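Chains A, B and C are the protein sequences, given in the same order. 262 is the number that the numbering used here gives to position 262 of the first sequence; each next residue is one higher, with no gaps. If you want the numbering used here, it's the 1-based position in the second sequence plus 1000. If you want the numbering used here, it's the 1-based position in the third sequence plus 2000.
Source of the hints: derived by calculation from the structure; they are not laboratory data. Keep in mind that the hints are not guaranteed to be accurate.
[Stated by the list, open to error] Label pairs and their in silico Cβ distance ranges:
{"hint": "1", "chain 1": "C", "residue 1": "S2106", "chain 2": "A", "residue 2": "G263", "range": "34 to 40 Å"}
{"hint": "2", "chain 1": "B", "residue 1": "D1045", "chain 2": "A", "residue 2": "K253", "range": "26 to 32 Å"}
{"hint": "3", "chain 1": "A", "residue 1": "E238", "chain 2": "B", "residue 2": "E1073", "range": "49 to 55 Å"}
{"hint": "4", "chain 1": "B", "residue 1": "S1044", "chain 2": "A", "residue 2": "P13", "range": "42 to 48 Å"}
{"hint": "5", "chain 1": "B", "residue 1": "G1050", "chain 2": "A", "residue 2": "E84", "range": "43 to 49 Å"}
[What the hints assert, rightly or not] In silico DSSO-like pairs for lysine-lysine, Cα to Cα no more than 27 Å straight-line:
{"hint": "6", "chain 1": "A", "residue 1": "K183", "chain 2": "A", "residue 2": "K42"}
{"hint": "7", "chain 1": "A", "residue 1": "K42", "chain 2": "C", "residue 2": "K2321"}
{"hint": "8", "chain 1": "C", "residue 1": "K2252", "chain 2": "C", "residue 2": "K2321"}
{"hint": "9", "chain 1": "A", "residue 1": "K215", "chain 2": "B", "residue 2": "K1022"}
{"hint": "10", "chain 1": "A", "residue 1": "K221", "chain 2": "B", "residue 2": "K1022"}
{"hint": "11", "chain 1": "A", "residue 1": "K188", "chain 2": "A", "residue 2": "K253"}
In this text the structure is predicted, and so the values were computed from the model without any measurement. Think of the CB as a built atom: it goes at the ideal place given N, C-alpha and C, for glycine as much as any other residue.
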Amino acid sequence: MSFWDFFRRERWPHIFCPGCGIGMVLNALWKAFEETEQEPEKWAFVSGIGCTARAPAYMRVDSLHTLHGRAIAFATGLKLGNPELNVMVFSGDGDIASIGGNHLIHAARRNMDLKVIMINNGIYGMTGGQLSPTTLPGLRTTTTPMGNYDYTMGTAELVAHLGANFSARWTTAHIVMVKEAIKRMIPKEGFCFLEVVSQCPTNFGRRNRMEDPRKMLQFMKEHSVHVSRVGQLGAYFEEPVFVVGTFADRDRKGYVARLREAGYFESF
Amino acid sequence: MHPVIDESLCKRCMICVWVCPKGVFEGEFLSLLGSPLPEVARPSDCINWGRSDTPCELCMLSCPEHAIEYVPEGGS
Amino acid sequence: MMTGNQAVVEAAVRAGCRFFSGYPITPVSDLMEYMARRLAQVGGVFIQMEDELGAITAAIGASWAGKKSMTATSGPGFSLMQEGIGYAAMTETPVVVVDSQRGGPSTGQPTMPSQGDVLQARYGSHGDYPIAVLAPSDIQEVYDLTIKAFNIAEALRTPVVLLMDAFMSHMAEPVSEGEYEILERKVHPPGPVERPYEPGEDLVPPFPVFGRGNLVSVTGLTHDEKGVPRPEDNRVHATLIRRLFGKFERRKDLLEDVRTMGDGRRLVIAYGMMGRLAEALVDRGYRLLRPRVLWPAPTGPLKREMAEADVVYVVEMNIGKYSLVVKRVAEELGIEVHSISILGGRIPTPSELEAMME
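The shape of chain A in the complex, shown without the other chains (with noise of 0.2 Å):
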């Protein structure tokens, strides 16, 4: 499967900035389907608000395009009113996790049989560049102009504590590692998790003097420590640090396997 056949080539170039770290992610999620032959028809994908939000319509697949913080709900419906479709959920870190907070801890509890790719740039970046609950203390946004002074969270972490399936980190100055864990996520059934923490040049870059795009993949790059290399709660909490790795990786069973069990599906 090339690239053109997976992406729609007649919307192409698409509206991300230049530098912006989807377009790296993308690639990544092709590369991965392509090496494990997946069949677009036989995906689903499901996004909310945001500039992440906006890549299902770039590709060649069936997707429904949300409102701001349901995608995993609406995920969730479509998963179950289909158990057959492989349905992925690929968003922002405002979007899933800020107003999106409740339905991703629920799915993630749920081990609801998704598979959630969630583009951390740590800002609202298609308003302009507010604060989001994944900006790093100390750095610039417009609601935090004086520098944040807000705790961060680490969703990954939350996920895999809540028992999903996967969950994992990686930045895209890891884009190889990205790949891969996107091919990890793929055969899994339950809440499959995947956070790639990504730049945002625009928004983000420019008012913490990380204008060119390198700056922010090589302070990605030197930022990161290895989740064997610190405990999994709190190297985050003072210092500016991506903690990368996957931090859950079981075989429980799924939500539909369990909706199953208690009798349900079986006109389907």
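Dock chains B and C against the given chain A, drawing on the hints supplied.
Chains B and C alone, transformed into the frame defined by chain A:
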């Protein structure tokens, strides 16, 4: 194989210049509003040079526009 | 014998509903409980979501998987569902939303009936969109109109609201499950679809069920016939919105649904629980017009009946909301309209109602 940049897709972000472990690319970043097109300055330094496969795909994977593809030596 | 909540469940299953997502709320928690059991019996699927935002959005997601889906709530949850309802209208997703009204605003009177959501059911979400709102008056009608709600949703590709109230949810009456026509959505055949929002004569595009290779991108942003987001094109947006309204204008056969009884020059307009009460006034010399489909408003029958009246009363358990609709129609005819507003949830007797009207 070596990389080539599709000028009609490139947004001149210079990530290829940063990511290549062999320094194959060269480019000058002026601002997000516009920089000159980066160049494949040293294609023969590419890890894939002289091979028919592409064990290193860092530039292709890292280009947000998918403007980089690999071609056999002598192609474009 | 069935309660209102039970009738909704039985009728939904009869109409082919195989997905329900909900959240506990008085007075429809037991509707959800019946669904949990009933859907397992018929091989469907059920989920209690974490909140009403999840309930409406999961129901919409299941509709995109091709399933007839429903959710149920009351006032506070109905307010939460408005964004989702607007999304269903914009993306033309069939889905049924039951709102069993209770005293409001806010937490209000969880166990008392009202008709306070009648304008919200029509205008609750932001922007311009049409929607169908149905109001049964007895338990047989709850059954019949639930089936009709699914039919409208599937035929017009729209969200549909079924309005009940806290007493009707738990009142039990005999229901006969007769013969019904069940309508199904038109679907695209498998294979890529270039122009998923290209409508036919009836202005309703065939539905691209996910998983059949239609490869359609659906969005709540305003979009052209290919589904491409075109938020800055004023003509694309105007065309889309007018087509959404146009779908409804073409289906008066489904959407104009009133009952009239009695005669005389004193006309009572009432719906839902008050429609049932007002039937008792027919023997006291009043004429009754009882809309079963509240929205789109039945302006034709309203004009016809009001033209034969000297005075009109609109009886409702709210501050006088549907009377605004009636007054606007009455203005053209020069007729006096009195809004009889009953608050607090206690159902008056027919004599008490008559006294209020005089």
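**Asked** Lying within 26 to 32 Å: is that true of the beta-carbon distance D1045/B to K253/A?
**Response** violated, 51 Å
**Message:** The hint says 49 to 55 Å between E238/A and E1073/B; measuring C-beta to C-beta, is that right?
**Reply:** holds, 51 Å
**Request:** Mind checking the alpha carbons of K42/A and K2321/C for me, to see if they're no more than 27 Å apart?
**Result:** Violated: K42/A and K2321/C sit about 48 Å apart, past 27 Å.
**Request:** Given the hint of 43 to 49 Å, check if G1050/B and E84/A actually sit that far apart at their C-beta atoms.
**Result:** holds, 45 Å
**Message:** Between the alpha carbons of K221/A and K1022/B, is the straight-line distance 27 Å or under?
**Reply:** Roughly 18 Å separates the two Cα atoms, so the pair holds.
**Item:** Satisfaction of hint between K1022/B and K215/A, Cα-Cα up to 27 Å
**Value:** Holds, because 18 Å separates the two Cα atoms, which is no more than 27 Å.
**Prompt:** Taking 27 Å as the top limit, are the C-alpha atoms of K183/A and K42/A close enough?
**Reply:** Roughly 16 Å between the alpha carbons, so the hint for K183/A and K42/A holds.
**Asked** Does 34 to 40 Å hold as the CB distance between S2106/C and G263/A, or does it fail?
**Response** Cβ of S2106/C to Cβ of G263/A: about 38 Å, so the range 34 to 40 Å holds.
**Asked** Measuring from beta carbon to beta carbon, are S1044/B and P13/A in 42 to 48 Å?
**Response** Violated - the Cβ-Cβ distance for S1044/B and P13/A, about 29 Å, lies outside 42 to 48 Å.
**Asked** Hey, K188/A versus K253/A, does the alpha-carbon distance stay inside 27 Å?
**Response** holds, 10 Å
**Request:** Could you grab the alpha-carbon distance between K2252/C and K2321/C and see if it respects the 27 Å cut-off?
**Result:** Measuring from Cα to Cα gives roughly 23 Å; hence the hint holds.
Checked against the numbered hints given earlier, this structure breaks hints 2, 4 and 7; the rest are met.
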